[in-house]
Amino acid sequence: MAVERIMERYTSRVREVTLGATAEQGGTRSHTITVGGDSTLPFLHFEGEVPHRPVLALEVNDVPPAWHQLLLEHYRDVLDDPGAWAAKAVRQFGADLVCLRLVGADPDGENRSPEECAQVVRRVLEAVKVPLIVIGCGDADKDNEVMPAVAEAGAGENLLLGIATQENYKTLTAACMVHKHNIIAQSPIDINICKQLNILISEMNMPLDRIVIDPTLGALGYGIEYTYSIMERIRLGALGGDSMLAMPVIVNVGYEAWRAKEANVPESEFPRWGDQPTRAVLWEAMTGAHGLQAGAHIVILRNPDALRLLRRHIEQLMVPNRA
Amino acid sequence: MAVERIMERYTSRVREVTLGATAEQGGTRSHTITVGGDSTLPFLHFEGEVPHRPVLALEVNDVPPAWHQLLLEHYRDVLDDPGAWAAKAVRQFGADLVCLRLVGADPDGENRSPEECAQVVRRVLEAVKVPLIVIGCGDADKDNEVMPAVAEAGAGENLLLGIATQENYKTLTAACMVHKHNIIAQSPIDINICKQLNILISEMNMPLDRIVIDPTLGALGYGIEYTYSIMERIRLGALGGDSMLAMPVIVNVGYEAWRAKEANVPESEFPRWGDQPTRAVLWEAMTGAHGLQAGAHIVILRNPDALRLLRRHIEQLMVPNRA
Amino acid sequence: MILVGERINGMFRDIRRAIRDKDPGPVQHWAKRQEEAGADYLDVNVGPAAEDPVEAMKWLVQVVQEVTEVPLCLDSTNYDAIEAGLRLCKKAAIINSVPADRPKIERVFPMAKEYGAKVIGLTMDRKGIPKDAEARTALAMEIVAAADEFGFPIEDLFIDPLVLPVNVAQDHGPEVLETIRQVKNLASPPPKTIIGLSNVSQKAVHRSLVDRTFVAMAMAAGLDAAILNLDDDALLDTIATARILLNQDVYADSYLKVFRSRRR
Amino acid sequence: MILVGERINGMFRDIRRAIRDKDPGPVQHWAKRQEEAGADYLDVNVGPAAEDPVEAMKWLVQVVQEVTEVPLCLDSTNYDAIEAGLRLCKKAAIINSVPADRPKIERVFPMAKEYGAKVIGLTMDRKGIPKDAEARTALAMEIVAAADEFGFPIEDLFIDPLVLPVNVAQDHGPEVLETIRQVKNLASPPPKTIIGLSNVSQKAVHRSLVDRTFVAMAMAAGLDAAILNLDDDALLDTIATARILLNQDVYADSYLKVFRSRRR
Chain A
0 MAVERIMERY TSRVREVTLG ATAEQGGTRS HTITVGGDST LPFLHFEGEV
50 PHRPVLALEV NDVPPAWHQL LLEHYRDVLD DPGAWAAKAV RQFGADLVCL
100 RLVGADPDGE NRSPEECAQV VRRVLEAVKV PLIVIGCGDA DKDNEVMPAV
150 AEAGAGENLL LGIATQENYK TLTAACMVHK HNIIAQSPID INICKQLNIL
200 ISEMNMPLDR IVIDPTLGAL GYGIEYTYSI MERIRLGALG GDSMLAMPVI
250 VNVGYEAWRA KEANVPESEF PRWGDQPTRA VLWEAMTGAH GLQAGAHIVI
300 LRNPDALRLL RRHIEQLMVP NRA
Chain B
0 MAVERIMERY TSRVREVTLG ATAEQGGTRS HTITVGGDST LPFLHFEGEV
50 PHRPVLALEV NDVPPAWHQL LLEHYRDVLD DPGAWAAKAV RQFGADLVCL
100 RLVGADPDGE NRSPEECAQV VRRVLEAVKV PLIVIGCGDA DKDNEVMPAV
150 AEAGAGENLL LGIATQENYK TLTAACMVHK HNIIAQSPID INICKQLNIL
200 ISEMNMPLDR IVIDPTLGAL GYGIEYTYSI MERIRLGALG GDSMLAMPVI
250 VNVGYEAWRA KEANVPESEF PRWGDQPTRA VLWEAMTGAH GLQAGAHIVI
300 LRNPDALRLL RRHIEQLMVP NRA
Chain C
0 MILVGERING MFRDIRRAIR DKDPGPVQHW AKRQEEAGAD YLDVNVGPAA
50 EDPVEAMKWL VQVVQEVTEV PLCLDSTNYD AIEAGLRLCK KAAIINSVPA
100 DRPKIERVFP MAKEYGAKVI GLTMDRKGIP KDAEARTALA MEIVAAADEF
150 GFPIEDLFID PLVLPVNVAQ DHGPEVLETI RQVKNLASPP PKTIIGLSNV
200 SQKAVHRSLV DRTFVAMAMA AGLDAAILNL DDDALLDTIA TARILLNQDV
250 YADSYLKVFR SRRR
Chain D
0 MILVGERING MFRDIRRAIR DKDPGPVQHW AKRQEEAGAD YLDVNVGPAA
50 EDPVEAMKWL VQVVQEVTEV PLCLDSTNYD AIEAGLRLCK KAAIINSVPA
100 DRPKIERVFP MAKEYGAKVI GLTMDRKGIP KDAEARTALA MEIVAAADEF
150 GFPIEDLFID PLVLPVNVAQ DHGPEVLETI RQVKNLASPP PKTIIGLSNV
200 SQKAVHRSLV DRTFVAMAMA AGLDAAILNL DDDALLDTIA TARILLNQDV
250 YADSYLKVFR SRRR
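Residue numbers (numbering that gives the first Met the number 0), protein chains in the order written: chain A, 0 to 322; chain B, 0 to 322; chain C, 0 to 263; chain D, 0 to 263.
Hint data in this document are derived by calculation from the structure and do not stem from the laboratory. Here the structure is a predicted model, which means the values were calculated and not measured. Do not take every clue at face value.
Claimed, not checked - Think about it this way: if two alpha-carbon atoms lie no more than 20 Å apart in a straight line, the pair counts; the simulated PhoX-like pairs of lysine-lysine are:
#, chain 1, residue 1, chain 2, residue 2
1, C, 31, C, 57
2, D, 89, D, 31
3, C, 202, D, 202
4, A, 169, D, 256
5, D, 31, D, 90
6, D, 126, D, 89
7, C, 256, D, 202
8, C, 57, C, 21
9, B, 169, C, 256
10, C, 89, C, 112
11, D, 57, D, 21
12, D, 90, D, 112
All chains, full assembly: derive it from the sequences and hints.
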């Protein structure tokens, strides 16, 4: 019996966003990276186009982070030098891009000045030639001082800057508009706030093709199913013509996966959970794989071993499965 | 096989309106007449109550009318005296009430003064002791002069005065309110205007139980089916709880039936239509019977022979048909 | 449309305080005000904060009945509170509500029969509120069957398909509308349908617009009753207009005014 | 919802004069204005008074297309006028309309195929507009069958169940809503449904209220398109809200603004 192949026809597609700028575009990157453009659900090549493979970023901090030993081992030689750290992430571990997190700006931590932060960004831009993501320390007021300086320091480089939230998006949006960067719009696993934030940012006249959605991924075991349903609705919205949801999606997998007890506790504490190093890698990789299945275009990781696993996974997912 | 008897249950009923006032009520009538109160469609005694039998009025004019010979024959001896005419209508022909039409007020006719008209009303009130209906000449401006005088002349008698229309209802309503009469609210075979007019009248603070609906009956052969559907909807509205449609209904059958060619043309002109006198009586009686079936509570007639036929018909319709 | 005023509810601060301080003022204010706006029933809910729900319900019922004869809709998950209220009700009340949960069904229907009360049945069970219309209707069917079993008249049963806020559970909206449509086919005569309208706009902007748009849609699907904000004139105008468009009231140019003043 | 702007119609005095005087001003004013309000199509009707409907239609189509790229809905009972208009249309148009009347069907569907136009089919025949939903749906079925026979894609067929003024034909309202519901079951894929919304409030008071209440009800029944007054902001807000409540657009606090600006 012949099986009828039911295919969906979508009217729209996810918008493309390009990160980085080459010399002729006014920047210093060796190449640009374009994400998005999908005209179907993730990896359903037989139904529509998935023109760009998802990209993987490794996280770099401006100060040595309080990460798990297992992670720190990979970066021990470069923890004091974000430029060297970024270079290692790209050259040794094969990251498509670098996500620089300016933890040092935190007023409860080192409380670095905007100029110091801008200096770090310059350093990293010199050290690597891939497009750059820069994320603030998370303190809204401080980020509103730091990020404009970062945007200025990176002028011409077409950075991806974050993180804009519904409560705090105006300063960052303005900085991105003035210096022509892209913006990460983050919502707390809530499609309505996600859409509303995109509207608010676009109402400041930010072009829609310079916004990337961070839907706030839950890690494996921590609400990952709920994130999936939100991300699926975002994609369906985009495919159905909702221009305020038709942005590429970024997910912060390293950060979320390592917040989970399952990635951190030693085997001695939960013998039945098995070897912790293996488990931690898998926890991060599986969280990332889930993000891809749900529609992520940029995945931020911490563990180079997780990156390696995901890289192979993406290759398989991108094999055409057209009818 | 047992047949299931499906019965409707209505939540409301037609409002009762009482016409006339006895001495102890401040008037001079020998009795009052109450119409309405139905809690079902016309004559479905098995479904609800039909507490009052419909009543029949005969039309009396204040000046000799240009009626068909056949009609005039019945009234030849009283045409010049509305009081005597009314008395004949009641005593000889058995009318339940008299409908005095003040044709003489017409500015294009005798153009009688309000006081002259009031005088006629007084004369008729003296001549008969049944409740009285008084209708103006049809000229809106003139009726607005005449009817207040009539209302004053009939103060205490709880008359039924007409005709209020959507374009001209305020003066008559005010007169009815001041002198405590009932009002006829006429609409042109249009349930929406019918309802709207009742609303307008009631917004002047006229009590709803002093309004009688004249839906403008079409004669047999002249849109009678359409009138039926409007009257049916009025009744269904009343039974369904629409207080602005829950008024008793009056129909002007004599006037309408005699406007029809079928009542008037001699047999010589249309031999196949048969004997004109018989035909004219039947035309009026059938139009009246239709009005009753459609839900009329007061039927105004001209021909005493038609009245006699309808009287017998009503007796049969009022035989209980409860299960 | 049967309109149930939502305002006498301990969720509102003034009513919560009134219950705490035994101050009849705010309660009677809203009782009168909702009556004037045309309430067919007044919902009475002691709120989650009431210390003694039974006493609070008794007090509310008494205080409300001092100023109005509009019948009540006793709204509580505490059936002792409801029963205490029913004992005091001068007119046949509505019990709000019972889910498709057997022990609660067994408590509610006999009580409703004893006091001649109507009942609101919720399309939810112990597992919660299902999303799709079929599952909601199946739960409604369970309640209809239970009513039948207890000899409770189906015309006195209101099925509430449970409206959820549009800004967090948008996909429930069409399912609720479809449930209303399906429930009208469950029995002959069918049960009535009712919704807690204001839920749909909870924490949304343009609350009145959302409420009145949804009520028109629900009325088109066959809605019989709603618990709602009678202080919202635009909402009442929409209901009046929907009734006209559904041919439930006869159109007249003054239909809005007539609808507003129908209780006076 | 596919929104068709109703304003370029010789029934309106300014357009009638514009056609008579060959003055493009009012026509182009309304073309731009309706485009800005979010029109997906612009209805173009020369009106009953046009001396030469064919020439008038050609002129209207040309004049409108000078200022906007919004596709057109050619509205006439004169099929020569429609064909003359189709020849000039730069984008696929809608033919408004064909009744369930064989000679007209035989004229319209081949013409629609030739010009790649969509078609509005009316649920009426030579005998007029039936009252009840079943008879309306039966006429819709005839048109669907005809479309099929002529190899016309059902997705490009709009069924218009013919809304009548509420103040003279109130009993048609619920039948129209039921027809919309039934038509969606006539084929797979089903034909689309469309109404001439402003008809419902013709000569009624509170026109905007009546229009927007009815459109919400019709959307709940499955309406796909409407020919309407795009100058009515409250109406557009209701449509935006109904789309949210039907889960057709994702809710965001700014949804009204987004809906209004979706074409800009």
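Practice item. Could you grab the alpha-carbon distance between residue 126 of chain D and residue 89 of chain D and see if it respects the 20 Å cut-off? Key: violated, 36 Å
**Study point:** Restraint check for residue 202 of chain C with residue 202 of chain D, where alpha carbons must lie at most 20 Å apart
**Key:** Given that 20 Å is the threshold and the Cα spacing comes to 38 Å, the pair is violated.
Exercise for review: With a cut-off of 20 Å on the C-alpha distance, tell me whether residue 169 of chain A and residue 256 of chain D pass.
Suggested key: holds, 19 Å
Exercise for review: Take a quick look at whether residue 90 of chain D and residue 112 of chain D sit within 20 Å of each other, Cα to Cα.
Suggested key: holds, 14 Å
Point to revise | Pairwise hint evaluation, residue 31 of chain D against residue 89 of chain D, where the allowed Cα distance is 20 Å at most | key: The hint holds at about 17 Å.
Review point. Does the alpha-carbon distance linking residue 89 of chain C and residue 112 of chain C stay inside the 20 Å limit?
Key: holds, 15 Å
Practice item. Starting from residue 31 of chain D, check that the Cα of residue 90 of chain D is at most 20 Å away, please. Key: Cα-Cα ~17 Å, so holds.
Review point. Between residue 57 of chain D and residue 21 of chain D, does the CA-CA distance stay at or below 20 Å?
Key: Roughly 12 Å between the alpha carbons, so the hint for residue 57 of chain D and residue 21 of chain D holds.
Check your understanding: Between residue 256 of chain C and residue 202 of chain D, is the straight-line Cα distance small enough, at 20 Å or below?
Key -> holds, 18 Å
Check your understanding: Is residue 169 of chain B close enough to residue 256 of chain C, meaning Cα to Cα at most 20 Å?
Key -> At roughly 19 Å apart (the allowed maximum being 20 Å), residue 256 of chain C and residue 169 of chain B satisfy the hint.
**Study point:** Agreement of residue 57 of chain C and residue 21 of chain C with the hint, judged by alpha carbon distance not exceeding 20 Å
**Key:** Judged against 20 Å, a Cα distance of about 12 Å means the pair holds.
Check your understanding: Does the alpha-carbon distance linking residue 31 of chain C and residue 57 of chain C stay inside the 20 Å limit?
Key -> Holds. Residue 31 of chain C to residue 57 of chain C sits at ~19 Å (cutoff 20 Å).
Of the hints listed earlier, those the structure fails to meet are numbers 3 and 6, in rising order.
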